[in-house]
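Engineer: All chains should be built: construct the whole structure from the sequences, respecting the hints.
Protein chains in written order, with the working numbering: chain A, 348 to 850; chain B, 163 to 438; chain C, -12 to 121; chain D, 221 to 301.
Hints are computed from structural coordinates only; laboratory data are not their basis.
Don't take every hint at face value.
A few chain C residues facing chain A, derived, Cβ under 8 Å [claimed, not checked]:
#1 ILE(-4)
#2 MET15
#3 LEU21
#4 MET28
#5 GLN32
#6 ILE35
#7 PHE38
#8 LEU77
#9 ALA87
#10 VAL91
#11 ALA92
#12 LEU95
#13 ASN98
#14 GLN102
#15 THR105
#16 MET116
The structure displayed is predicted, hence computed values, not measured ones.
For glycine and all other residues, C-beta sits at the position ideal for the given N, C-alpha and C.
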Amino acid sequence: MEDHIPAIIVAVPLLAALLVTGLWWFEQRLLFFLSMIAGVISFSASARLLLKILESGTVEYRLGGWAPPFGIVFRIDHLNGLILVIVSLVSLLNLAGTRTIAKKEFGEKLGPFYALYLLFTTGLLGILLTGDAFNLYVLVEIASLTGYALIGLGKGRAPISGLNYVLMGTIGASLYLLGIGYLYLVTGSLNMTDIARILPSILPSNVVLMAFILCLSGLFIKMALFPLHSWLPNAYTYSPSLVSSLVAPLTTKVMIYAMFRITLTVFTYDFAFDSIAVRLPILWLAIVAIIMGSIIALAQKRLKKMLSYIIVAEVGYMVGGFWLGNREGMSGAILHVVNDAVMTLCVFMAAAAIVYKLEDDRFSALSGIFRKMPCTMAVMVVGGLSFIGVPPTCGFFSKWYLLMGGIAAGQFAFVAALIFSSLVNVILFFRLFEIGYFKPYAKEITHSQSHADSYTHSITRAEAPFDLLVPLVMTAVLLLILGLFSGEIVTRVVQFAIPRFIG
Amino acid sequence: MKLLATIVIFVWGGILFFTSFDFPYWGDGKSPASQHVSPYYIEHAMEDTSVPNIVTAVLADYRGYDTLFETAVIFSAGLACFFLLRVSDRKAPVFRLYRHQSTGVTLRIEKGGRLPENTGEFERIDSVWVPYDLIIVMTCRLVVPFIQLFALYVIVHGHHSPGGGFQGGVIFGAAIILFAISNNLRRSLKRMSERTSALLGSLGVTIYGGTGMLCILLGAGFLNYNALASLPGVDPLTARSLGILIVEIGVGIAVTAVMVWIYYNLSSAGKQDEGL
Amino acid sequence: MESIESLIIAKYNYWAVIVLLMVGLYAMITKKNLVKKIIGMNIFQTAIILFYVSIGAKKGATIPIIMHGPDHSSHAVQAMDYINPLPHVLMLTAIVVSVATLGVALALALNIYSQYGTLEEDEISEKIMKSEPG
Amino acid sequence: MIWQLDIIVLSMVMICAIAAISIRDLLGAGILFGAYSFLMCLLWSIMGAVDVAFTEASVGAGVSTVFFVAAVFRTTRRTRD
Chain A
348 MEDHIPAIIV AVPLLAALLV TGLWWFEQRL LFFLSMIAGV ISFSASARLL
398 LKILESGTVE YRLGGWAPPF GIVFRIDHLN GLILVIVSLV SLLNLAGTRT
448 IAKKEFGEKL GPFYALYLLF TTGLLGILLT GDAFNLYVLV EIASLTGYAL
498 IGLGKGRAPI SGLNYVLMGT IGASLYLLGI GYLYLVTGSL NMTDIARILP
548 SILPSNVVLM AFILCLSGLF IKMALFPLHS WLPNAYTYSP SLVSSLVAPL
598 TTKVMIYAMF RITLTVFTYD FAFDSIAVRL PILWLAIVAI IMGSIIALAQ
648 KRLKKMLSYI IVAEVGYMVG GFWLGNREGM SGAILHVVND AVMTLCVFMA
698 AAAIVYKLED DRFSALSGIF RKMPCTMAVM VVGGLSFIGV PPTCGFFSKW
748 YLLMGGIAAG QFAFVAALIF SSLVNVILFF RLFEIGYFKP YAKEITHSQS
798 HADSYTHSIT RAEAPFDLLV PLVMTAVLLL ILGLFSGEIV TRVVQFAIPR
848 FIG
Chain B
163 MKLLATIVIF VWGGILFFTS FDFPYWGDGK SPASQHVSPY YIEHAMEDTS
213 VPNIVTAVLA DYRGYDTLFE TAVIFSAGLA CFFLLRVSDR KAPVFRLYRH
263 QSTGVTLRIE KGGRLPENTG EFERIDSVWV PYDLIIVMTC RLVVPFIQLF
313 ALYVIVHGHH SPGGGFQGGV IFGAAIILFA ISNNLRRSLK RMSERTSALL
363 GSLGVTIYGG TGMLCILLGA GFLNYNALAS LPGVDPLTAR SLGILIVEIG
413 VGIAVTAVMV WIYYNLSSAG KQDEGL
Chain C
-12 MESIESLIIA KYNYWAVIVL LMVGLYAMIT KKNLVKKIIG MNIFQTAIIL
38 FYVSIGAKKG ATIPIIMHGP DHSSHAVQAM DYINPLPHVL MLTAIVVSVA
88 TLGVALALAL NIYSQYGTLE EDEISEKIMK SEPG
Chain D
221 MIWQLDIIVL SMVMICAIAA ISIRDLLGAG ILFGAYSFLM CLLWSIMGAV
271 DVAFTEASVG AGVSTVFFVA AVFRTTRRTR D
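Structural biologist: Shown next, in the form of structure tokens:
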């Protein structure tokens, strides 16, 4: 079994999803445990795989036993090994919190919910594993389709924002497919390393350049880089709460990984950074994304929408850090993919707990929330500090690498944008804490008895359900652990994920 | 806005048009796409898999992992439509309508009244006037079995002729959809209930994924059908061909069931009433 | 003149793909009706499928099903005699994906219609503005 | 492959695509989309992609059109563009 770990990582959640769908028509109670078992197996297999990579380098797994350019292979190196562990862990932690909330939010459709959840995870893990450019498209589609369904079931504006997401997402995936078609036209291959081997012999070529632009613009839509972000905020705001804490941390990060992979493995560093002049335009796009995301986040009146715009800014961090093109910048970007996944999970899960209790996430409804849900809000504080970049949390370290990369590359606009965005995050989160902590004491509420009633009522403790609190606290602890060990992660894993010759 | 979009699209199209001049000539047998990987498939598919239809061989064997997820995509679409649309049966309407099948008399039964469910003479309908055309119903009843037979042929004969699990599955599903259109959704639900279609859908994908896992348990890699040769009664030469057949049948079952499932939910907006 | 004609013959398929891509994208961006947008999305996807199939075409070759010899022994197969099968395989998958996306998109459109009573995007945003300003 | 014939089919495909997005009736648009798919399938079978053409004939021209008709039946035929 040891050799087949890569296959097990995707096959187990897929089969579990099918089993859950079938079982649901007969027995409702086992669904959660079955999904948990699949999640645990998938996570431990990815952890085992990462250890194996640390010992012996890149792992290649041939599906169907066919050699690379003819069959599909998994190629797992330090880059996707690390992200694989984080994605399966984030998905598992969020899954652990669904037990009570999913029953309330999905009620009769519990089976399809868990099945779609597992299929979504399968799709993302498959994207991370695969070494085949077309296979990536199929798995992107499976992750997106299940994501559309999960998002579309929310209340209020959810269906319309879900459909908007379907249209945008399909354009993105189709552009990527078109780009792969262009590549196939001139190389005749679909395997990533094989394309990389052939490409230098046909350069310079307009077709390859166009393929690069099409692939990248498709992925930019999927990862919601600033001018193409319009699907993201509404989709994440109106989706059911535990769905947004699943989709928000993972979709954008995995798409950013896909960009790393396409740029570094398929088109190679020489082509993308040296032969063509796309580095600076993309970097400026990222800077605009950081600044605009932060500014628009300031204007929001709903917690989840504010967090969604923070994600838009964070996407700018990672894209910008990667396109700085130096070692510090890339390490920062990769480390930030890991950290941001956990940070986003942390704040979105806390938001899910708040929405579960209050049924509302407008700031006006959040006054006195610290008294009401101290534990949830403590986790929110840790997540917020990490977004701001306060030292013991992991957000600080990746931001540090990004800043160092910006300085080393001489891109001071990027450095300024990072600092600006951190300052805006300070305002955003401290405004939230102020509303949550001090608002009930404000003397503005002087009207009527009913208000006073609601005020005294709001002080009573109404914490989120226990089975949501456990993963929530674990996520907060994980943020600190990632912060403490970030030096270790960089020297032992991220180092090797970047091509050696990059200085 | 409209003007801006038009300009952007024309610029984009212009750029694509410009790059098309660097493409290899259309239909050129010496273009890189037909020179690098595909000759291997054409020359070795027969000896590797003993399947003459190269598309089937590549689809279910060389790139079988893609196809596994293709089936998973269609399954998630069915699941997604169910998840998004299905509304509970409990919100029953205030009254129900029944038609006496031989005379066409319609009964309206208020809530609490005794329902003529199991008499066999009445059929539940949703609106007072329902078009009922004997010619269409009878013609479709005659045609449906033959379409289904053809679908089975397409699934099983995918090794030697165009077709395979996916095409056959869609045709089989289309036959059931034809029945549901020509009669009505309730009659179709009696023959193939929603639960059956959901279970068949997951069964089909499980056959595919399970074959892959079985190959692991037998000691080869995921989806490496060579492992099936160690099962009793399997000829090592045709192990791959057999594996492809099993997988195609799984795809066929899944696609049939999911197409019908999506149709059930779309045509009745999730209420599972009379449908179109 | 000869070269222009041969160029047109060599490229017209790809140009048709580009026109269809533009039509699909135009429908998705400018049309206000949701079903029209979904049709545009499908045209966009089909255009890409046409692109791939055009890559696979090969003049003077036959369909990719190996013909048996009279004695059922497959004599040496020449790659030039058969059309490239790989794009066909990829496009089977893409067609499946497009029908799956279509199903989900239509399901969402049905939900939107039952919620707002219309499929026009501008009317929907008017209704949203009325119910929850800001 | 007779390229004159090919161009005729291609132009019909384009006419169907443009008609499908510009007709002011959703049912008509759905049916025109079916015609578009069917012509597309014809084009692919000319190019020798028999499996793809087969799939498109059953999926694009068959089931997709049924889905469109079902969705239009459950919503409305009205459209303003």
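Engineer: Now look at each hint and say whether the structure bears it out.
Structural biologist: Going down the list of hints, with the structure as the test:
Because the smallest distance between the Cβ of C/ILE(-4) and any Cβ of chain A comes to about 18 Å, over 8 Å, the interface hint for this residue is violated. A cut of 8 Å between beta carbons decides the hint on C/MET15: the least distance to chain A is about 6 Å, and the hint holds. For C/LEU21, the interface hint holds, since its Cβ comes within 8 Å of a Cβ in chain A; the closest pair sits about 6 Å apart. About 5 Å separates the beta-carbon of C/MET28 from the nearest beta-carbon of chain A, less than 8 Å, and the hint is met.
Interface hint status for C/GLN32: upheld, as the beta-carbon distance to the closest one in chain A is roughly 6 Å, under 8 Å. Interface hint status for C/ILE35: upheld, as the beta-carbon distance to the closest one in chain A is roughly 5 Å, under 8 Å. Hint status for C/PHE38 relative to chain A: holds, with the closest Cβ pair at about 5 Å, below 8 Å. Interface restraint check: C/LEU77 against chain A, minimum CB-CB distance 6 Å, threshold 8 Å, status holds.
Interface hint status for C/ALA87: upheld, as the beta-carbon distance to the closest one in chain A is roughly 6 Å, under 8 Å. Hint on C/VAL91 holds. Least Cβ distance to chain A is approximately 5 Å, under the 8 Å limit. The beta carbon of C/ALA92 is positioned within 8 Å of a beta carbon in chain A (closest approach about 5 Å), and the interface hint is therefore held. The interface hint given for C/LEU95 is met, as the beta carbon of that residue sits about 4 Å from the closest beta carbon of chain A, less than 8 Å.
Look at C/ASN98: its Cβ gets to within about 4 Å of chain A, closer than 8 Å, so that hint holds up. For the restraint placing C/GLN102 at the interface with chain A, the shortest Cβ-Cβ distance is roughly 6 Å, inside the 8 Å limit, so the hint holds. Hint on C/THR105 is violated. Least Cβ distance to chain A is approximately 11 Å, over the 8 Å limit. Because the smallest distance between the Cβ of C/MET116 and any Cβ of chain A comes to about 11 Å, over 8 Å, the interface hint for this residue is violated.
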